[in-house]
Amino acid sequence: MMTSQTHDFTADAGARVRIEALAPVARFSLRVRAAGRPVLGRALGCDLPDRVGETARAGGRVALCLGPDEWLIQAGEDEADAIARAGADAYAEAPHALVEISDREVSFRVSGPAAADLLATNCPRDLDRLAVGGATRTVFDTAQVVLWREADDAFRLDVWRSFAPHVRALLEIGQAEIAAGL
Amino acid sequence: MSQFRIPGKGRVKHDEKVTFSFDGRRYEGLRGDTVASALLAHGIHLMGRSFKYHRPRGPVTADSAEPNALIGTSRGAGRFEPNTRATVQELREGLMCESQNRLGALSFDLGAVNDALHPLFPAGFYYKTFMWPRSFWDRLYEPVIRRAAGLGRAPSEVDPDRYASRYLHTDLLVVGGGPAGIAAALEAARAGVRVTLVDETPEMGGSLLSDPEVEIDGQAAWDWLAAALDELRARGVRLMTRTTAIGYYHQNMIGLCEKLTDHLDTLPENAPRERMWRVRATRVVLAQGALEKPLVFHGNDRPGVMLAGAAQSYLHRWGVKVGERAVIVTSHDSAWHAAFDLAEAGTKIVAIVDTRAALADELRAEARVRGIEVLAGHTVTGTRGRLRVASVTVNPVENGRVGDPRMLHCDCLLMSGGWTPSLHLFSHTKGSLQWDEASRTFLPGRMTEDCHIAGAGRGLWGYLDALSDGAEAGAAAARALGHAVEPTGFAVAHDRPGTGESHKELPTDRRSHRVRAFVDFQNDVTAKDLRLAVREGMRSIEHVKRYTTNGMATDQGKMSNINGLMIASDAVGKAPPEVGLTTFRPPYTPTSFGAFAGYKRGATFEVTRATPIDAFAEANGAVFEPVSLWRRAWYFPQGGEDMEAAVARECLATRGGVGIFDASTLGKIEVAGPDAVEFMNRMYTNPWTKLAPGRCRYGVLLGEDGYIRDDGVIGRLSDDLFHVTTTTGGAARVLNMMEDYLQTEWPDLDVWLTSTTEQWATVALNGPKAREVLDGLVEGVDISAEAMPHMSVAECRVAGFRARLFRLSFTGELGFEVNVPARHGLALWEALMEAGKPHGITPYGTETMHVLRAEKGFIIVGQDTDGTVTPDDAGLGWAIGKKKPDFVGKRSLARPDLVAGGRKQLVGLMTEDGAVKLEEGAQIVLDPDQPKPMKMVGHVTSSYRSATLGRSIAMALIEDGRAREGETVHVPMPDGVVRAKVTSTMFYDPDGERLKL
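Protein chains in written order, with this note's numbering: chain A, 53 to 234; chain B, -4 to 992.
Errors might be hidden in some of the hints.
[Said to hold, decoys possible] Here are some chain B residues pointing at chain A (derived, C-beta under 8 angstroms):
| no. | residue |
| --- | --- |
| 1 | Arg161 |
| 2 | Tyr162 |
| 3 | Val602 |
| 4 | Thr603 |
| 5 | Pro669 |
| 6 | Thr751 |
| 7 | Ala817 |
| 8 | Pro923 |
Just so you know, these hints were derived from the structure itself, not from any lab. Backbone N, C-alpha and C fix where the C-beta goes; we use that ideal spot for every residue, glycine too.
Chain A with its partners taken away, still in its complex shape:
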C-alpha cells in the first residue's frame, strides 16, 4: 500500500512508533448467504474465508471475513469498477449486496516497536491474539475501526471518515506519551 503522507515527528517518537495516513484504496462491503459464497469468490477472483477475522488474498485483492455473511473486499483503487461489474454479473446466480465504501473510511498505519502499545491506549482488543495477516472489527476509543495486523509491529486502522481526526488526535497524544518514555 502506498503511503501518501509521512508526518514529521521527532526522531525519537518516530523511532518507537510512526503514524501514517494511507492513500485511498477500493473497498466494498459484501453481504451474501453461505450458498452464494463460492459464486462471489469466483466472480471476485478471491476466496471468501469463512472464519471471522480471517483474510484471503489473490491478485492484489483481499477478502476479510467480518461476520457470518459479511466480507470486506479491498483492492487497488483502479479496480473498483471491475469489482462492481463482477458483482453485478454474478447477481442473478447468487443474490447479494456489494456496496462500494471506498470513501466511507480512511486508513492509518501505526508501526514501530511500540505500535501495539499505542493501539492499547484506546483499543480494548487483546492484540497478542491478532495474528499477522489477520484483521478484526473493533473500536478505537468510541470509533468503530477495522484493525489489520500487517506485521508483528505494524497495524492498519480503517476508520470512518468523520471519526478519523479524533482517532488521529488520540494516536498523536499516545505517540507523545510513548516518546516521553513513561
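Once you have looked at the hints, place chain B on chain A.
Relative to the frame of chain A, chain B by itself:
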C-alpha cells in the same frame, strides 16, 4: 543527620538527600522516603488536624490506609493536590506540602474549640441540631455546614497534567507484591503463564520489606526478594509498582491506577501523571495481605500513637525510629516482634502491655532477654500529651474488673488490635464473606469471579504459610489455564507466626461519657457515637455507618470497619455477621479524576464529526452547532450580521434565487437484495411496491408502539436497490433497528443493509435557480422538469464526479440533492459555488434549513415529535399504506388510546402580533383566566421569525388541534399571555406551485 534516622538502615538512599517543605519550613529527607517517614525522621509526628474536632493528629500507619496524615502537595501552578496521604507520597526535590483542617497554625488550631465543645456534636448532630428555627437554615446553618464540610482545599486552577489510559490482557493478574503474591507469580510464570504482578507501593516485597530478619530458602529475606524479582523479570512477568488495583469489575476486568510522575524531581515532557489500566485477566490472584487494626481506648488518636506494624516498617524500610521511649499495647503477637526490633534499634521499650492474660512462653522469654517489662491482662485507659503522647495510663483487668491505674511515660505508643484480611477487591466482585468465629473476622467465601485469594488476605499468618499459600494459588491459576504444575515448597527460618484476639473498645475505669475512644480517625467517630446510634434505633451496620459516618471517610473504613462492627454488634446484642459488614466499593484508595478522565478532555473529550465540506464553512466564517456528534454550519454571518439577520438573508436568497446547503450528515443506508422492496414495505409505513426505479418517496418509520421514530426521502435506484436517507441523529439507531428486525424477525428475507452515510457527501441546492446552477455540470441525465420531475433520482455525473442526483425538496422550492463520493464533496461544493455565482448562490446553514421547512410545515423528528406522536398526530396519515398487510407499528396504530379523540395534533400557530415570536417548549392553554394549575392542552414545538412571510410562525402539538383551526389559544409567559390563532402548518405556498418549476 536527623535525630531519629539510623545511619545505614532501611531501604532509603542515605547518600542522596532530598529537600522539601512542610507548612513553609524546609526539611531534608532521603531518596526513598515518604513525606511521613522524612518528617518522622525529624521527630515530627503532628501532621494534621482531625476533621470534626480539629484534634492534633499524626500518622497511624505507614501505608495507603492512613486516615490522619493527609496533606496538600504541590509542584507549582495547577499542580496542587489536597488529601494526599503523607504515608504514600514519596519525597521529590522541592516538594511543597501543607497541613490541612486547621484555622491558624498546625500547633495552635482555633478550630480545636470544637474539641472542647464535643458534647454538642454527638453522632447525628446534623439531624438534631440544625432543625429550628427554619429561617436559620439558609443564612446560618447551611453556610456553616458547607464551610466545615469537605476535606482539604479544592484546587481552583485547570490541571495541566496529562493522564493516560491503557488496556492490558494477561493470563494471570496478581494483586499485591508481598510474599504470597510473589510466590503466586513465580509459580505461574514457571509454568509458562503470562503474568502481571502489581503493587501499590514503589517497591515489591510487601511485609518482607519490614521483616528483613526472616530467612527464606536459606537466604535473608531481602536477598530472596531480589532473586525472586530477577527471576520474575527474566520470565517476562510484567512488574508494576506504584500501581493500585482500584476496582474489580465483571468478568475479571480490573482497574489499575499507576502513578507515573508524582515521585519524580522533574517532569519529563509530555509524560502522563497517571495511567488508568483496564486489565482483562483470565485468572486473578488477590494477595492484598491484611490491615492492622488499632485498639479503641481513650486518647488513642494522639500524635505518637501508631500501629506497631507501622513503627516496624518505618524502622526497616526507612531507617526511622518513631520515638525514643515506646509503650506497646497489643492483643496480637505481631506487635511483640515490632517491640523487639525497635529495642534492638535503640528505642527504649517501656513496657509491652498485652490485653491477653495468657501469653506465649517464647515471647515472654524474648522480652525477658531484652529486659522489657510485660504487663499481661492489662488495658489502656488513657493517654496524655498536648501535641504528642507523653504518657499512657494502664490498668490490670481481672474478671472484667479494671484495677488501679499506673502511668507510663513515653513518646510513642505502638498499638495492635490484630489484623483484618483486606477484603476490598473481593468485596467488589460481590463474593460472599464468611464470619470466622475463631479469628473473629470475615474471610472470603464463595467466589463469583475466576479468582484465588492467597496469604494474609484470607486470614493466614506467618511467612511460611503465606508463601506456600501464594504458590498454591499460582499453581491453581496455572492449572485453570491448562498448565500442569505442583507448587514448590519453601523453607522459612526465623518466621514470625502469631495469633491474637479481637476486641471491641478496651475496658476502662472512666465514666463512659468522658471516654473519647476513636474508631474512625478521619471522621472523628468514637465508640460512644456508635453506641449512641444503636441506642437511637439503628440496628443494621449500614444505618449505624450512615448515622455516625463511621467508615465513610476517604480511607473507606480500612481501619475502622471491623472495630465499628465489633462495638455495634455488642451494643445491638447480636453476633457480628447478623449486624453485617458494610460494602466496600471502588476505588480501593482515593483516585484522581484525571485518571478516570484519561484522554477525554479538551479536543478529545468527545468525537466531533465534521463533513468533507466543513473546511469551506470554517473558512467562510460559519457559526457551528452540534447535531448529535456532528458539528454543522448553523448560519453564515456576513459583515457583522447577527443570527437573525443572517438567517433572514439566507432564507430570502434561497426563496428568491438559489441556496446551497451541506446535507452530508444525513444518514444513508443502502437496502439491497431481491427482497428489498418487501423489507421496505415491512419497515416503513408507506407502500413501496409501486414506486418505480428512478423515483423517490418520503418515508415514515415507526417503532413497534406506533410512534414516529424517523423519516427521510428514499430513492429506488433499481428493482432490488433502495437508497434510504435518515435523520442526522437517527442514522445509527435506524440501521440498528433495521438489522434487529432483519436478523430476529425476518431472517428469511434476501436483503442486506449497508451504511453509506460517510461514503457520500451530499449537497442540497434549493431555489428557483437551482436547475440553472446544475445545468452545465450534469452529465448523463436530463434534469428538465419534464424528464426529471419532483421526487426523482438518477445516477449520473456532476462536476465530473460519479453522482446520485435526487430531485426533492425540504424547502418547498425547486430542489436537488447531489451525492458524490465523500472525498470529492468539497470539490463538488466549490464547483457549484462557482457555477452559482451568476445566480447569487448563497450558502445557508441548519437554522435557515429549519425555518424554510417550517414555512412548509415539514416536521423535524425529535423536535416536532417526542416519541409519543403518531403519523396521524403529525398530519402524516397520508403516508400510511392502508392496504399493506403489515408494517412495524401497524397494530399499535389501532390501539384504543391511539384512535381515541383528544390526542395532541400538530398544527400551525400564528401570534396575533406577528412581531412576537413564541418560545419553543411554551405551554398552551385555552382559557388564560382559569384557576391555577391551569389545564395545558399542548406546547410549542417549533418557532421562528419568517423573513419570507414577514412575521413569526410556530408549530405546536395541541389536543384535537386540527379541529381547533381558526380558534384562539393562549400561551402564558413570564411577561404576559400571548394570544395566537391555530392554523394549518402550511404557512407558505400551500398548493406547492413552486415545486412545479
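These are the hints, each one checked on the structure:
no. : hint   : in the structure
1   : Arg161 : holds, 5 angstroms
2   : Tyr162 : holds, 5 angstroms
3   : Val602 : holds, 4 angstroms
4   : Thr603 : holds, 7 angstroms
5   : Pro669 : holds, 5 angstroms
6   : Thr751 : holds, 6 angstroms
7   : Ala817 : holds, 4 angstroms
8   : Pro923 : violated, 48 angstroms
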